[in-house]
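There are 2 protein chains.
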Amino acid sequence: MEIIKGGVTAAKGYLAGGIHCGAKRKNKDLAIVHTETPANMAATFTTNVVKAAPVLWNKKIYEDGNKVKAIVVNSGNANACTGKIGMIHANTMATKTGQALGINEDEVLVASTGVIGVKLPIDKICNGISDLSDKIKHTEESADDAANAIRTTDTYSKQIAVTVMIDGKKVTIGGMAKGSGMIHPNMATMLSFITTDIKISKTLLRKALSDSIKDSYNMISVDGDTSTNDMVILLANGEAGNEEINEVNDNYKIFKEALDHINVYLAKLIVSDGEGVTKFIEVSVKGARNKEDARLLSKSVITSNLVKTAFFGEDANWGRILCAMGYSSAEFDPNQVSLHYVSDKGKITLVENGLPIDFDEDYAASIISERDIIVEIEMEEGNGEAKAWGCDLSYEYVKINGEYRT
Amino acid sequence: MEIIKGGVTAAKGYLAGGIHCGAKRKNKDLAIVHTETPANMAATFTTNVVKAAPVLWNKKIYEDGNKVKAIVVNSGNANACTGKIGMIHANTMATKTGQALGINEDEVLVASTGVIGVKLPIDKICNGISDLSDKIKHTEESADDAANAIRTTDTYSKQIAVTVMIDGKKVTIGGMAKGSGMIHPNMATMLSFITTDIKISKTLLRKALSDSIKDSYNMISVDGDTSTNDMVILLANGEAGNEEINEVNDNYKIFKEALDHINVYLAKLIVSDGEGVTKFIEVSVKGARNKEDARLLSKSVITSNLVKTAFFGEDANWGRILCAMGYSSAEFDPNQVSLHYVSDKGKITLVENGLPIDFDEDYAASIISERDIIVEIEMEEGNGEAKAWGCDLSYEYVKINGEYRT
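Heads up: the protein sequence lines correspond to chains A and B, in order. Counting with full-length UniProt numbering, you get residues 1 to 406 for the letters of the first sequence. Counting with full-length UniProt numbering, you get residues 1 to 406 for the letters of the second sequence.
Treat the hints as calculated values from the structure; they're not laboratory data. Incorrect hints may appear among the rest.
Any copy, or any two copies together, can satisfy a pair, since identical chains are not distinguished.
Said to hold, decoys possible - Computed list of lysine to any residue pairs in SDA-like fashion (alpha-carbon distance at most 25 Å, straight line):
1. 84 with 331
2. 119 with 357
3. 399 with 280
4. 24 with 61
5. 135 with 347
6. 84 with 105
7. 84 with 358
8. 119 with 66
9. 59 with 329
10. 59 with 353
11. 67 with 36
12. 59 with 327
13. 399 with 370
14. 169 with 369
15. 5 with 265
16. 399 with 385
17. 12 with 360
18. 207 with 248
19. 291 with 327
20. 399 with 366
21. 67 with 37
22. 59 with 331
Construct all of the structure, not just a fragment, from the sequences and the given hints.
Below you can see the structure in the form of structure tokens.
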């Protein structure tokens, strides 16, 4: 696997672009991604019962199993809690994009991110779509523009691209994402768009994404709130020219590994980015009963407010970590848990086989004074391993979220 | 139902007391509650897999179904994550209390609350038990002493007592509790002890408590973390002399209503008390599919960090409430939700049938500037109703929890 420059236009056959259309007061707020060769589509959508209109639009296309040729995204307004007019607006965005690109509306996916409960400025967005559709290109710069246009409160754009050799052909995968929660969570749905030129059946593409998400986006937590607009979209247009992947073979595994790399990279960037963040924390669990328990345990620890505030205060308060493991719903023997903190400053053991170690508080404090901290948890239940990523809970989080709308 | 003064000594036959024994640096830290007439016992314990030693001790007595004659409680140290020595210490507290009161150790329940992962100062506690067992009395003052002795960071003691007439006899129920989460969560397990002189079978007593808890302690949320030491204990010694309640009849209902009043009162006091709290918030759901969905919905809203910070910032950010309802796992049609804020300043409608109302921001701001706020949610799914209680998420919460151990 080689990491290369670029994002959603890195793979063959993808055009993209981003402009300012007026959905936000300033900065780019409209992006289009387009492939002339119809692409198989995989996706996951928010599990929130309150689903924004574009999520409902895309779910229908997903369930129909259509191939897809474009994605249109606006930032600045989530088109959520907007009732029937919201559905009409999502449809209008697809229709308008279809007209501008000469494709059908049911080949166009739609995404929106921004404030909830406010009608889309649909005229501005439609004018923007007309403008932008003439400007989309297969360049690194146009991928940058798109990645910037989907930002809300993200402090930087989030992109990555990799290549792998499959079946003697160079296959490229690229992606862009924007952040969730943390700063202005109603302004900040998590969106991720991945494009690739690999030739792969729809079934296998969906399997790859669905498996990959469990250990990437589903393992990050900023504040435990699941947005109304979250989605991850993966398009594969087959232009790399490899023999189509139809089964879980070595080629599938090469692709899956590259996809995992992209998703974990983008997921970690999402957590890492934000005014309120002073710490980036990885919770690594080994020896859980199984994979699912390891996920539950690591996710429970990184989601705990008490753990988060302790890290903000640089306090080696390991009791909160054991406590959060205890209510994760995973089964384990607390008397066989060992716990270590690791950073560039070193590693310290706080708990061994369930019992507190009389540790050097100064050394512990120096280890957790770093920005990047790893919490290593070792258990004796089985071979389950997982990692989860999150951040601390700071004054800034409370300040920004308390004052956001006012 | 008449509300009277007093706490755990209000009912016939209960003695109590509280002293300083040295588990805390200062203030009372050891309480005993004693009934010479053996009492039926009902209880609920933390669902956390990491259970403190006294929880394990009590669970055994609970499962054996023994009658109970005493409860001994220390504050200042949770006796949690203390391994085998912790179990020995819990046993020692029971044995010592049994010896001092002339009863068996398996008639003694034990509770501890305070720091995690530190060995109990067992000698100080044993000396304290000897001292205190001579001083316990059937007076209001001794109930006060006990209620004070179980405090950790609670800013005031929490007690209530009521009487009801059952079967021509006056039945009394009294209780005391201490707070959870919020300020120093590792220092602040939720404990609640209720004593009553009603004559009731063990089965019905346990049913009453188990049902009552669902709409009281289980409906409060401070920070979503479930402690290693939480427990609610209910003792009934039968001294009121009523005919024993053996079935769900009118007498049972009178008792259950009084018990609910006590539990809801104590649960709300727990949420209301704390340095970090600037708002007390009630979330009331009506018209959910069923009772369980109503509980899920109201609890999800009051547990959301984003909702909590919005209230701290006095921001009428209703989108976060709909979002939290959406991930509660209850099923509902977002297009049939109406949402109001209520306080002493008035009532304002923010959402009607899923659609945002163009509300007066100044009026909304004035309503949520009050300390006590009600969020009223109306749905059209069925007859399920529930209330949940919580508080805002403030700078103070982050400050205290970030700096606690240091």
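Evaluation of the provided hints:
| no. | hint | verdict |
| --- | --- | --- |
| 1 | 84 with 331 | between (45 Å within a copy, 20 Å between copies) |
| 2 | 119 with 357 | between (57 Å within a copy, 12 Å between copies) |
| 3 | 399 with 280 | both (19 Å within a copy, 19 Å between copies) |
| 4 | 24 with 61 | neither (28 Å within a copy, 63 Å between copies) |
| 5 | 135 with 347 | neither (52 Å within a copy, 51 Å between copies) |
| 6 | 84 with 105 | within (18 Å within a copy, 67 Å between copies) |
| 7 | 84 with 358 | between (61 Å within a copy, 17 Å between copies) |
| 8 | 119 with 66 | neither (28 Å within a copy, 63 Å between copies) |
| 9 | 59 with 329 | between (31 Å within a copy, 19 Å between copies) |
| 10 | 59 with 353 | between (47 Å within a copy, 23 Å between copies) |
| 11 | 67 with 36 | within (11 Å within a copy, 77 Å between copies) |
| 12 | 59 with 327 | between (33 Å within a copy, 18 Å between copies) |
| 13 | 399 with 370 | both (23 Å within a copy, 19 Å between copies) |
| 14 | 169 with 369 | neither (46 Å within a copy, 64 Å between copies) |
| 15 | 5 with 265 | within (14 Å within a copy, 61 Å between copies) |
| 16 | 399 with 385 | neither (36 Å within a copy, 33 Å between copies) |
| 17 | 12 with 360 | neither (55 Å within a copy, 52 Å between copies) |
| 18 | 207 with 248 | within (10 Å within a copy, 53 Å between copies) |
| 19 | 291 with 327 | both (17 Å within a copy, 24 Å between copies) |
| 20 | 399 with 366 | between (27 Å within a copy, 20 Å between copies) |
| 21 | 67 with 37 | within (9 Å within a copy, 76 Å between copies) |
| 22 | 59 with 331 | between (35 Å within a copy, 18 Å between copies) |
In this structure, the earlier hints numbered 4, 5, 8, 14, 16 and 17 are contradicted, and the remaining ones agree with it.
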